[in-house]
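Number of protein chains: 2
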Amino acid sequence: MRFEETLADRSSWSTAGRCPIEQTMKVVGSRNAMLIMREAFYGTSRFEDFMDRVGMSSATAASHLKALTAAGLLERRRYQEQGERARQDYILTAAGTDLMPVIIGLFEWGIKHGRLRSGVESVHAGCGEPAEVEVRCRAGHPLTSDDVELRVRPTDKDGRR
Amino acid sequence: MRFEETLADRSSWSTAGRCPIEQTMKVVGSRNAMLIMREAFYGTSRFEDFMDRVGMSSATAASHLKALTAAGLLERRRYQEQGERARQDYILTAAGTDLMPVIIGLFEWGIKHGRLRSGVESVHAGCGEPAEVEVRCRAGHPLTSDDVELRVRPTDKDGRR
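Chains as they are written, first to last, in this note's numbering: chain A, 1 to 161; chain B, 162 to 322.
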């Protein structure tokens with residue numbers, strides 16, 4: 001990666017606590033939180049299923065589901081099956097769905113570099129080719145690490161960066 | 162996401178411990194490990210710089226750098242500046258560089274959904290457009306969550322999945 005001129009001296013600036021990567025890791029930066037998100041993408045919605053499929057205690061599941069809901073990645077939905085009492089389950093929000101590139105990126109890295117074969121793969125349902133994550137710019141150019149530049153964000157209409 | 166027929170009953174199978182996402186999270190699934198990788202992408206290579214820029218104690222930095230090196234994401238390199246004693250620093254390996262989509266994915270999510278503005282953005286150095294992460298299949302089709310299917314991996318030449 002490169003830096004624009006004003007950022008070139010890496011010791012002269014810091015985004016400590018405000019780095020976007022750090023902020024995302026605060027929300028999903030643990031095995032349990034990320035595997036709950038995996039399950040939400042897999043369609044899991046019930047408390048007990050999250051517990052069983054991620055392999056967590058009830059207290060751990062409750063605490064992570066609460067945090068992910070508070071952070072806006074999941075939302076609680078009321079549902080009721082015939083003859084049963086009303087229950088709540090958890091579904092992905094738009095912000096949760098936006099995590100897909102990270103999930104697929106972690107999946108792809110694990111397939112390529114993980115030491116244990118998982119026996120599953122993720123493909124495009126339409127054509128059968130493997131799903132991949134690509135870094136591109138908004139103009140469509142594929143980017144390697146050397147092509148990415150960190151720069152100071154322009155101010156918005158309220159004068160904030 | 163969808164499942165191929167043999168995987169449709171989510172309760173009938175599990176990749177516990179072998180899930181590729183879980184394996185990747187074992188390596189970089191903590192704030193400190195991921196921010197060390199961020200710094201490595203930013204060109205940081207010295208022990209003290211990792212410590213200062215991530216905000217870790219010396220013991221924490223040593224333990225994470227050792228684990229990331231053992232996992233093959235960083236490698237130690239010997240270097241010597243004129244008149245100083247020989248030192249070791251840490252640089253990205255090919256496997257470490259393969260984590261770039263995850264790093265940019267976390268960055269992009271934080272920019273969009275983080276609650277604190279970081280003041281920086283990542284762009285294509287060549288054209289200035291923002292860097293983004295896209296999920297596509299190898300044939301180039303852009304994929305939404307609904308397009309991704311999980312299927313049983315075909316066996317390789319040794320009969321392993």
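Hints listed in this document are in silico derivations from the structure and should not be mistaken for laboratory results. Don't take every hint at face value.
[Stated by the list, open to error] Taking beta-carbon pairs under 10 Å as the criterion, some of the chain B residues facing chain A (in silico):
{"no.": "1", "residue": "Ser175"}
{"no.": "2", "residue": "Phe208"}
{"no.": "3", "residue": "Met212"}
{"no.": "4", "residue": "Asp317"}
{"no.": "5", "residue": "Lys318"}
Quick reminder that beta carbons are idealized off the backbone N, C-alpha and C, glycines included.
Comparing the hints with the structure gives:
1. Ser175: 7 Å, holds
2. Phe208: 15 Å, violated
3. Met212: 12 Å, violated
4. Asp317: 9 Å, holds
5. Lys318: Violated, because the Cβ-Cβ distance from Lys318 (chain B) to chain A comes to roughly 13 Å (cut-off 10 Å).
The structure fails hints 2, 3, 5 (numbered hints given earlier, in ascending order).
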